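Colleague: For reference, the chains in residue letters:
Protein chains: 2
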Amino acid sequence: MGPRFEEYSVETTRKLQDPGLLLVSANKLGKINVMTIGWGLIGMFWGRPVFMVAVRSSSYTHRLIEDSGEFTVNVPDEGMKDVVQHCGEVSGREHDKFSECKLSLLKSRIVRTPVIAQCKLHYECRVVHKLDVIPRLVPVRFFVRAMIERVKGLFNRHGNYRSLYFGEILAIY
Amino acid sequence: MGPRFEEYSVETTRKLQDPGLLLVSANKLGKINVMTIGWGLIGMFWGRPVFMVAVRSSSYTHRLIEDSGEFTVNVPDEGMKDVVQHCGEVSGREHDKFSECKLSLLKSRIVRTPVIAQCKLHYECRVVHKLDVIPRLVPVRFFVRAMIERVKGLFNRHGNYRSLYFGEILAIY
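Going down the list, the sequences are from chains A and B.
So in the numbering used here, the last one in the first sequence is 266, and the numbering has no gaps at all.
So in the numbering used here, the last one in the second sequence is 266, and the numbering has no gaps at all.
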């Protein structure tokens, strides 16, 4: 994997906070999407390097990861703030964000999901564990937010829980 | 919080892999325990810095965190390998690991759970979310391990699942 994975975590966690990271997913038929994430955890689990991401069940990304069991995390370069913002605002169901943002894709080294050429750092991850976080599990201090989510969920046939995907980091470059 | 929390993640994640970190927990009556962890994730969640740890439901630490909703993570200094090993081998139910390992405790800045004086770096964390991971949720590739856990669980009245504690990082020093 080259340098040890934790060397990159400072830069990655800083960009996670501002402006966000780009999560790329693809299904087995070759449909590809990108979304912005502001939540993520990096470390060791089951003795392996892991990148954990949270994805809403109603999102297009969720559907693609469910199909492939893979994702890539791409750390944006300076000057990509507008791209990151746009990829967090629209859905891949209606938008081809790659062409809208002039992003090019590169073949990954291990997984089948590609990485974004314009980004400075790439994580290739394979899902080794998944947990669904449904609103009623949130603690009391998040109760109000949970109620709002639940009401929103009534208008959304996909529901509105989040899946936590534990992705084993197979490559970083 | 002084320097941004991600600056410390390289050192912390490196020590997590070898020899491990020291997780301190305390209940409201002042019972204190320390255990070794080799699993943990650091990053952002709900817009906050988070340290996620996994604790077996059968452990004494689990009981203490359930009572207090807090923990501290202590990054050992060089030369503490034997301490880290011992703290991972015996239970705080039968052993006073602090006296056995000649560890002294310091008052924390924000939480009530103390930190270990001999360690070089300390994270004070308050639990903001908890997820119980029961063996049947593990994916197929962990099926054999899950079966072993389940058989072990038959002989253990506390069960043998793991709780994932998402601790908001309130201080690092």
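Hints may be right or wrong, so weigh each one.
Remember, identical chains collapse to one label, so a pair may be satisfied in a single copy or spanning two.
[As the list claims (entries may be wrong)] Quick list of in silico lysine to any residue cross-link-like pairs, SDA-like style, CA-CA up to 20 Å:
| id | residue 1 | residue 2 |
| --- | --- | --- |
| 1 | Lys223 | Arg149 |
| 2 | Lys223 | Asp111 |
| 3 | Lys213 | Thr129 |
| 4 | Lys213 | Gly140 |
| 5 | Lys174 | Met137 |
| 6 | Lys124 | His155 |
Hint data in this document are derived by calculation from the structure and do not stem from the laboratory.
Remember, it's a predicted structure, so these values are computed and weren't measured experimentally.
Colleague: Would you mind marking each hint as holding or not holding in the structure?
Modeller: Each hint tested on the structure:
1. Lys223 / Arg149: both (13 Å within a copy, 18 Å between copies)
2. Lys223 / Asp111: neither (26 Å within a copy, 26 Å between copies)
3. Lys213 / Thr129: within (15 Å within a copy, 35 Å between copies)
4. Lys213 / Gly140: neither (27 Å within a copy, 23 Å between copies)
5. Lys174 / Met137: between (29 Å within a copy, 19 Å between copies)
6. Lys124 / His155: within (13 Å within a copy, 43 Å between copies)
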